[in-house]
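A.B. asks: Here is how the chains run, residue by residue.
Protein chains: 2
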Amino acid sequence: MTAIDKIRLAKQASASIARANTLQKNAALRSIADHLVAHSKEIIEANELDLAKGSSEGLSAGLIDRLRLDKARIESLSEAVLQVASLADPIGDVKRGMTLPNGLRLNQVAVPFGVVGAIYEARPNVTIDIAALALKSGNAVVLRGGSASENTNLLLVSILQKAIASAGLPSDAIQTVDDFGRQGAVEMMQARGLIDVLVPRGSAGLIKAVVEESKVPVLETGDGVVHIFVDESAREDWAVEIVHNSKVQRPSVCNALETLLVHQNAATKLLPSILGRLSESGVTIHGDDFTQSLFDGAVAATEEDWKAEYYSLDLAVKVVSGLDEALQHIAKYSTHHTESIITEDVSNAERFLQEVDSAVVMVNAATRFTDGGEFGFGAEVGISTQKLHARGPMGLAELTSTKWLVRGEGQTRV
Amino acid sequence: MTAIDKIRLAKQASASIARANTLQKNAALRSIADHLVAHSKEIIEANELDLAKGSSEGLSAGLIDRLRLDKARIESLSEAVLQVASLADPIGDVKRGMTLPNGLRLNQVAVPFGVVGAIYEARPNVTIDIAALALKSGNAVVLRGGSASENTNLLLVSILQKAIASAGLPSDAIQTVDDFGRQGAVEMMQARGLIDVLVPRGSAGLIKAVVEESKVPVLETGDGVVHIFVDESAREDWAVEIVHNSKVQRPSVCNALETLLVHQNAATKLLPSILGRLSESGVTIHGDDFTQSLFDGAVAATEEDWKAEYYSLDLAVKVVSGLDEALQHIAKYSTHHTESIITEDVSNAERFLQEVDSAVVMVNAATRFTDGGEFGFGAEVGISTQKLHARGPMGLAELTSTKWLVRGEGQTRV
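In the order they appear, the protein sequences are chains B and L. Here the first sequence is numbered in our numbering, starting from 763 and rising by one per residue. Here the second sequence is numbered in our numbering, starting from 763 and rising by one per residue.
Chain B with its partners taken away, still in its complex shape:
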């Protein structure tokens, strides 16, 4: 069986997944949760093969940790699937409805895409998250999870297939092309008419390659050069804690803070305490001249720092003349993921919310909240930084399309 054969099987199974009602889909999700726990031992054995391969190939300790599945992590994966089961079914949701002057009744309702494709890297939990979200939203799914976790993913998909079959849904609705290497991803990107939407999730290089090569429409997940602007009126305690939390709580993810902008009238008062708190947590400050003059430990920032998504305990810091300069800096360097303003000034807050052109724009909150789990979506497919179809954290609703249902009594057009 080739990769394209597997994609065709998913397409064939998609019609019956699309018709499954909520009770059937939730039963299948509960079955998945049960099967994962029941097969923990085999999953850990398969995962150990990937870990051994990763070690011998010199994967970093961080990547090895992301790759690892142990009993606790499998249980938490199982819990996440149960949480998806507990969410409202997005299918059938009536988005708009009206009666036309001629009596035709229109309903725009949410429907499944059909077949969702995902190309991702390393973390095997993505296999379970995306399969669970696809199933709950009535979609078949084709997965391509990267060679580093090949053994784990192949076993996980076979468990997913058994689990949904035992709940009466077609096992073909969940497919992996991990056994076809790079060619599997290529076939997915060419599968126009078979795969309805493709989600790349992983490094900037992976996403760029999929966006450029895919003939299938792509839901782009993107980098986060994330900014916080500390306004003149910012409360010191909020500024210190929000900046610290946004940078330090988990620096390796896309919603972590990368550049701090501070109003010049607040810099002398607030920067020493903000940067002092960061410094205690080991953050390296890349500052402009003003910042360096205020804070001894700062190294000089260059143009590259304003563009950097560090993914590390580094932070670019710039003192700006006010909200206008902050908005200009953000417009120039932001990747349109998440930005936050710390302010007590309601006009500045509203202007920031309106004028910053990003997926998520915040007032007096940590940027780390841009997350499907935090938003209440259960698992997440990824965070979209494009404007078409979905923007921000993508959950069940973002895996649906719509169709118009029109009911009449013989109406014809004049």
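Check before you lean on any hint, since a few could be wrong.
[What the hints assert, rightly or not] Away from chain L, derived, C-beta distances all over 10 Å, residues of chain B: (1) 875; (2) 968; (3) 1061; (4) 1075.
[To be verified] Lysine-lysine pairs mimicking DSS-like chemistry, simulated, CA-CA at most 27 Å apart: (5) L:1094 / B:977; (6) L:977 / B:977; (7) B:768 / B:977.
In case anyone wonders, no lab produced these hints; they're calculated from the structure. Even for Gly, the Cβ is constructed at its ideal location relative to N, Cα and C.
Could you slot chain L onto chain B? The hints should help.
C.D. replies: Chain L alone, transformed into the frame defined by chain B:
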């Protein structure tokens, strides 16, 4: 000034169009409506240059007619712009909202895309329709209208620019690259980061070229191999009139009927009157064996007829064993635009609505109703046959993206 310079101007102007409130945008639309009527004479003169060029190049009478603008058509264009002004502003519409357990308040609101691009052919009314819809939805727009209407389009865009400038909005927000020929379209398709979404509208060849070449996300408008299924229980009067209206009222458009499927138990009773009525209007019937045996004038249908979007007074007709075969035929040959069932059987109606995977699915109504104007959208950008972002007729709502606004009081992530 090059094509890319003009695209950059649109991008620069997009921020101020996005911030314009409804009163300002409506004033600009009324100004456009006034300016069109006031400049009728010059528009007709420019249009005559295109008509003369079209005649000398041997354009068909049908295309010449689509190209023509006279006083009445300019007045109707002006009316259409006023209708767009009268529609509700889609910007700021709150799509979802919730308060998280930690007190963060989230609102997902509709925002403009930024810059909308349109690549289209022949009919100069599209220039006005798309510019008006883009303006009302807070977007800047870059237009590329095809060489056949170049003189008309260049003048129309200069009138649009003057009209919005006189209402206090930046004239740069409406751009044409018609003066750069094919290169203008190429620059648009490459303008990732400047143009946010590209709408191709015209022939299948044009759409395919844009979908395949564009680096900018595309809203695909598509062909319509449109089906009607006449069920066993169909009312004869509805079947006759709905089929006739769907085929004959305007055969050259994408929502016109192309293939009629008839339940075998209804064929003997209904087909003679359905086909007789069509025949009186000059429709050529391409029928299967059963159809030919029932109706003398039918020619033999081949495999090509089931795939045909005739755009003419031709109709493919097939007798099927029942709803199952009708659904299978539609799944195989439909372009997922519009399908309708004529039935008195509520179970069959609901099954058809659920299982047909098309942008618009109808019961007892003519397929010609798949239209932005009929749906109450004012003008239309086109009819989307893709599943991402927009499906079916695209009006103001389809020219918007969303962003998440998050308001807090110092929340940080645990």
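A.B. asks: Which of the listed hints are not met by the structure?
C.D. replies: 1
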